[in-house]
Each structure stands twice: as structure tokens, then as C-alpha cells.
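Visitor: The primary structure of each chain is shown beneath.
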Amino acid sequence: MSLIEVHDLEVHYPIRSGFWNRVTDEVLAVDGVSLSIEAGETYGLVGESGSGKSTTGKSIVGLEKPTHGQVIYKGKDITKSANRQKLDYNQDVQMIFQDSLSSLNPRKRIEDIIAEPLRNFGKLSKDEEKLRVLQLLDIVGLDADALYKYPHQFSGGQRQRIGVARAVATNPKLIVADEPVSALDLSVQAQVLNFMKKIQRDFNVSYLFISHDLGVVRHMCDNIAIMHRGRIVEMGTRDDIYNHPMHIYTRRLLSAIPETSVAHREEARAKREAVEKEFQENQQRYYDKDGKVLPLLDVTSTHKVALPADEVAKLQREAD
Amino acid sequence: MAQNDPLNKKSSISAEDLTRLSKEAEATATPSSRQIIWKEFKADKIALTSAIIVVGFILFVIIASFFIPAGSYKAVNIMDYFNKPFTPDFWLGADSSGRSVAKLLIVGSRNSIGIAIGLTLISGTFGIAYGLISGYFGGMTDMIMSRIYDFMLMLPTLMFIIVLVTIIQNYNAITLTLILSLFQWMGSSRLIRSRALAESRKDYVAASKTSGTSNFKIIFREIMPNISSLIIVEMTLAFAGNLGVETGLSFLGFGLPNGTPSLGTLIANATDPTNITQYWWTWLFAALEIIVLCLAVSYVGQALRRSADASQRLGDK
Ligand SMILES: Nc1ncnc2c1ncn2[C@@H]1O[C@H](COP(=O)(O)OP(=O)(O)O)[C@@H](O)[C@H]1O
Ligand SMILES: [Mg+2]
Numbered sequence: 001m002s003l004i005e006v007h008d009l010e011v012h013y014p015i016r017s018g019f020w021n022r023v024t025d026e027v028l029a030v031d032g033v034s035l036s037i038e039a040g041e042t043y044g045l046v047g048e049s050g051s052g053k054s055t056t057g058k059s060i061v062g063l064e065k066p067t068h069g070q071v072i073y074k075g076k077d078i079t080k081s082a083n084r085q086k087l088d089y090n091q092d093v094q095m096i097f098q099d100s101l102s103s104l105n106p107r108k109r110i111e112d113i114i115a116e117p118l119r120n121f122g123k124l125s126k127d128e129e130k131l132r133v134l135q136l137l138d139i140v141g142l143d144a145d146a147l148y149k150y151p152h153q154f155s156g157g158q159r160q161r162i163g164v165a166r167a168v169a170t171n172p173k174l175i176v177a178d179e180p181v182s183a184l185d186l187s188v189q190a191q192v193l194n195f196m197k198k199i200q201r202d203f204n205v206s207y208l209f210i211s212h213d214l215g216v217v218r219h220m221c222d223n224i225a226i227m228h229r230g231r232i233v234e235m236g237t238r239d240d241i242y243n244h245p246m247h248i249y250t251r252r253l254l255s256a257i258p259e260t261s262v263a264h265r266e267e268a269r270a271k272r273e274a275v276e277k278e279f280q281e282n283q284q285r286y287y288d289k290d291g292k293v294l295p296l297l298d299v300t301s302t303h304k305v306a307l308p309a310d311e312v313a314k315l316q317r318e319a320d
Numbered sequence: 001m002a003q004n005d006p007l008n009k010k011s012s013i014s015a016e017d018l019t020r021l022s023k024e025a026e027a028t029a030t031p032s033s034r035q036i037i038w039k040e041f042k043a044d045k046i047a048l049t050s051a052i053i054v055v056g057f058i059l060f061v062i063i064a065s066f067f068i069p070a071g072s073y074k075a076v077n078i079m080d081y082f083n084k085p086f087t088p089d090f091w092l093g094a095d096s097s098g099r100s101v102a103k104l105l106i107v108g109s110r111n112s113i114g115i116a117i118g119l120t121l122i123s124g125t126f127g128i129a130y131g132l133i134s135g136y137f138g139g140m141t142d143m144i145m146s147r148i149y150d151f152m153l154m155l156p157t158l159m160f161i162i163v164l165v166t167i168i169q170n171y172n173a174i175t176l177t178l179i180l181s182l183f184q185w186m187g188s189s190r191l192i193r194s195r196a197l198a199e200s201r202k203d204y205v206a207a208s209k210t211s212g213t214s215n216f217k218i219i220f221r222e223i224m225p226n227i228s229s230l231i232i233v234e235m236t237l238a239f240a241g242n243l244g245v246e247t248g249l250s251f252l253g254f255g256l257p258n259g260t261p262s263l264g265t266l267i268a269n270a271t272d273p274t275n276i277t278q279y280w281w282t283w284l285f286a287a288l289e290i291i292v293l294c295l296a297v298s299y300v301g302q303a304l305r306r307s308a309d310a311s312q313r314l315g316d317k
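Those protein sequences? They're chains G and Y, same order as listed. Just so you know, full-length UniProt numbering puts 182 at position 182 of the first sequence, and the rest follows in order with no gaps. Just so you know, full-length UniProt numbering puts 137 at position 137 of the second sequence, and the rest follows in order with no gaps.
Keep in mind the hints are simulated off the structure, nothing from the lab. It cannot be assumed that every hint is accurate.
Unchecked claim - Going by beta-carbon spacing under 7 Å, a handful of chain G positions derived as facing chain Y:
no., residue
1, M95
2, S103
3, L104
4, L131
5, I139
6, G141
7, L142
8, F195
9, D202
Backbone N, C-alpha and C define an ideal beta-carbon position, used for all residues, glycine too.
Model the full assembly from the supplied sequences, consistent with the hints where possible.
Guide: Below is the structure:
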């Protein structure tokens, strides 16, 4: 059984306008997302900015109330706050935020920040608590003198480590990491990703790893879902997505990964332009008449794609 | 969190290191906000002087008023009618009933400052809590609370106070403070609400929610400290303003009941043209006191605001 299952999740935000402030329209931030995360794996959720990744992640940790759908954990639907209370849900499911500065209360010392979940979920004595905070700091590679400092005294990479320390404080089963390295320098990105992997091995925690960049996700994720316009356009194993991409949007994201070797740069640019051209010209083949993403269909047992049924049948034959 | 917790295995830190590491951390700790405020006042001599004046004056009038029996400033004494100031018996002169202006000023200051402090605390606490709750929850809660706020703002406050004061027969300083508070809390609440609204959207609030912290604690322990500079400035300015509220009402004759001295009733002596020119001591000292107090309070407020905002501090240089 999966650790957590998301069924047909929808988050629609009302748009109010006019004199009476009535609801005149809706933003379909998330519009029917289903996925399941296994214990100990890293699940990638990738898409451009605005595709609804953060909203999906927030619904999974219980920060956002979905308008429709379920998130099943230990057999209970945790979109209901009563069920979250009963399970002490957030002891098991935590979040790391993109903006490390805004995610740490500027008025609190690091000790109090990291100890916050411990104080709410655990019953530790003062000394036990301090020891645990010191150990957590040690695990994420920070010295003990961080204890009484404030967030603004650290660099972005260090702050993100503090965010990770807070997230793993209660030994969670799943951490939703919302673009944890997007705001960091390239050199620091690799460091943070590496110690996130180390923590995963040590704690056997699952990640829902959100990113807008398929390049970053490559070495982290076992399974990946590609998200566009609030829906999933393609999902599969790492091999499925990187080596057999089927949806034009996936190919577009792949072509956007920066090419590091100078020799292939021109080639990569030409390919990117070709993909962009096809994306612009053949929209109606990949999306329905309202521009919505089509329903997901199985191509193989692991690989699903949002394409018309006849195309999927053709792809299935090719796959066999 | 059991004994076989992965942390104990993965981290090289164990219980034996606890005291040593805590000591190390304390040595490099960042100064607390109390230390920062103290440094800020040491760097700004005007603010320090102002703080000493305000605190000293408030303590003085409170203590001194205990030594002035009610009879001694209430009794009419025709013989001392408009006695000149700076004389041995009447340091600040006497008014038209021959009462010592110095004694009236001390007791009056205590009454006026007491009302201003009470008013600031009661209406400020309520207004801040109202704004924080409205901004934090947002949505429907915010909409209903904002409508109530708008309605209160629309009421002709002064008229209501005058009517209430006229209806309520036996009121004193405490009832007056409560009545005034009913109409004064809106002042800070709108600004606090908009800051709380912006603050609630920040990720640290989301992180507190996923850390299992209750809404009540998030509002008052997480968000409130982050807008403390705004609150401090609001409260100090409100205090300066509230000194004027009672004074103004008493000046108009709707403040404290007759015979209860206050800064307002003393300044009201200036409504008489002969008092303004010939018997200036009956009102000038009270007026000067209000000006000095308001100025000093606002200097203190500014220094507090700077210490709350790291980029403006003078004490760090
Ligand atoms: N609280 C909100 N109210 C209204 N619209 C929102 C809100 N939060 C997000 N949205 C909209 O929902 C869409 C998806 O947002 P988000 O989940 O943040 O995307 P991503 O994380 O993939 O960049 C965006 O168009 C965004 O403008
Ligand atoms: Mg996002």
C-alpha cells in the first residue's frame, strides 16, 4: 500500500469583483490531480510556475483546503481537519518552503524555530529538547553557535538547512519540499540536494519534491509527474520521463534544461526552438478545445500520458 | 520519540556535550531586544532624557498626589483669590476660588495621565487583538469584522460620549475611561489588520501551522512580535493622543465630573479672556505640561521604533 494517495484533487479559488464583491470567476489552481507516493521514495512534481504545484503540495500537508477530492493517509481522508487532528498528521507530514527567509520567523531564535514542532508534538524535557535541536543542527551541518542566532544572520543555503532541520525534527514519514533549492546558487543547490538525500537514507523519509526544473529533479526522483494548467500531463518512472517523454509539454521542459557543455549548446538551442514551434502549432492535438489538459491514459504499467486515445494506442504498440 | 531514534545514531552529539555546546552558543548569542532598546536609548540622548522626564513625572504625580488630601485642593478660600505664583504658600499661584494651582496640577495630572494610560491600554489591547484576528483569519471573518469596524467609525463619537456622560449620573474616572474606550479602539485596528493580513501569508505562518501550533498562539506569539514596532509606535502615538481626549472633553465640560481636577479643567480656565492675559498662571502650566509630555512621549516612541527596526538603529554604530 502507498504511503499517501491523492485522489482527484481540485483546488479552485474564487475570483471576486464588482461592487458587491461577488464571485465572478474561478482560478482552477489544481484541477483533478491523482498520484500516490510510496514509503521512502522521492516523487517529483514538475511544471512551470503557476501550474499548481505549490497548491497541490499545500493541500497534501493540510495547509490548503481542497474544493474536491481526497488525500488518504493511514486510511483516513486528511483534507478533513478532524482527521488531521486525530492522526497528529503533521507529525508525520512536514514541509520545506521555497523562500527560506520568509519561512523562518525573523523574531525567533534558531533554537525556538527548530524546537517548535517538538514542543507541539513531543513531550521532551528542556535538556532533551535542546540536545535534540543540537543534533538536528549537526545533521544538517550547522554548528551549535547557531542556537541563539536569528534567521537573518545566515546565508540562503544555511537557512534552507535550518528549514530542513525543522521539517525532520519529528521524524516525519513524508516531507513536501516546495522548490527547496530554486532560490539558491548553483553550487549551494548541489550541497543542499546531497544532504537531503543523506537525510532520506538516514530517516527513511519520502519526499514530494516540487521543482520547475527537470534538471534538478533528475538525480533526486524515482517517479515523476509533470504538471501543467492544474493537471498532470504525464507521469512515470525517471526512465519513462527522461528517456521516453511523450507529451509535448514534457519535451518542452526537457529541452529547457540548461546545456552545460559548450559544444552542444547550439544543438540544444535548435532543438529547443523546434520543440517550442511544435508546442505552439500543435496545441489542439495535445489539449482539448478549451485548452485543458486531456485525461491521463496508461501507456505502460508505470507510464501515463494525457494524449488522445488513438495516439496512446499507437504508443502502446510501439512500447510493446 | 523513542530511544532508537535515528538522530541518536546519526549525530555525533550526545547528552555529554549538551552543557559545553550550550555555553558556546550563549557566548555568541545575539543580544536580546531589551539590550537593543537600552543601547538605542544610550545612543539617543534626547530620547533618554524624554524617557526619564515621562517616567519621572508620572511617578512624581502619582506619589505626590497621595500626600495631598482631597480637602486641601477642593476647599474654596476667598482670601487667596488669584494669588500670584512663585510665593512661599502658592508656588504656582491660586485660581479664582483661591485653590493652589500646584496641588490642582499634581492631582489633575494624575487623573488625566491615569485616564490616558487606561484608555491606551484598554482600547489599544482590544484594537490590536481585533485587527490581528481579522487579518489573520481573513475571508468571511475578516469581512464581518471589517463591517462592524466601518459601522463604529461612522458613529458620531463625540456626540455619543457626551450623551452617555449626560445619561450616566454617577460616573468617575474609571467609567469615563471605559466609555471612551468603546469609541477609541478603532484607531490602531485598521493598520494592524492590514499588516496582519500581509504577515499571515508569509511562509513562517504556514510552517507554524504544520508544526502544530494553534491559531491563538500563531496570532499572538508568531505574528504579533513581527509587528511589534508598529504596535509600539501606534501605542505611544495613541497615548499622546489620548492625553488630549480627556483634556478636550473636560475643556468642553463633558469630561470628569465637576470638582475632579484634571489638565483639561485647568486649561479650561483659558476660556475666560481676563484669565488669558492677567491670571495666566491658572492655565499656562497645565498647557505647558501637556506639550512637554506629548513631545517627550513621541521621542520615546521614535527611539523604540528604531530599536525595533534593525536598519534604523543608532545604537549599533
Ligand atoms: N490564494 C490564492 N488565491 C487565488 N489564486 C491563487 C492562490 N494561490 C495560488 N493561486 C493561483 O493558482 C495558480 C497555481 O499557483 P501555484 O500552486 O502557486 O503554482 P506553482 O507553485 O506551480 O507556481 C496560479 O495561477 C496562482 O495565481
Ligand atoms: Mg510554487
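Visitor: Which of the numbered hints are not met once you compare them with the structure shown?
Guide: Violated hints (numbers, rising): 6, 7 and 8; every other hint is consistent with the structure.
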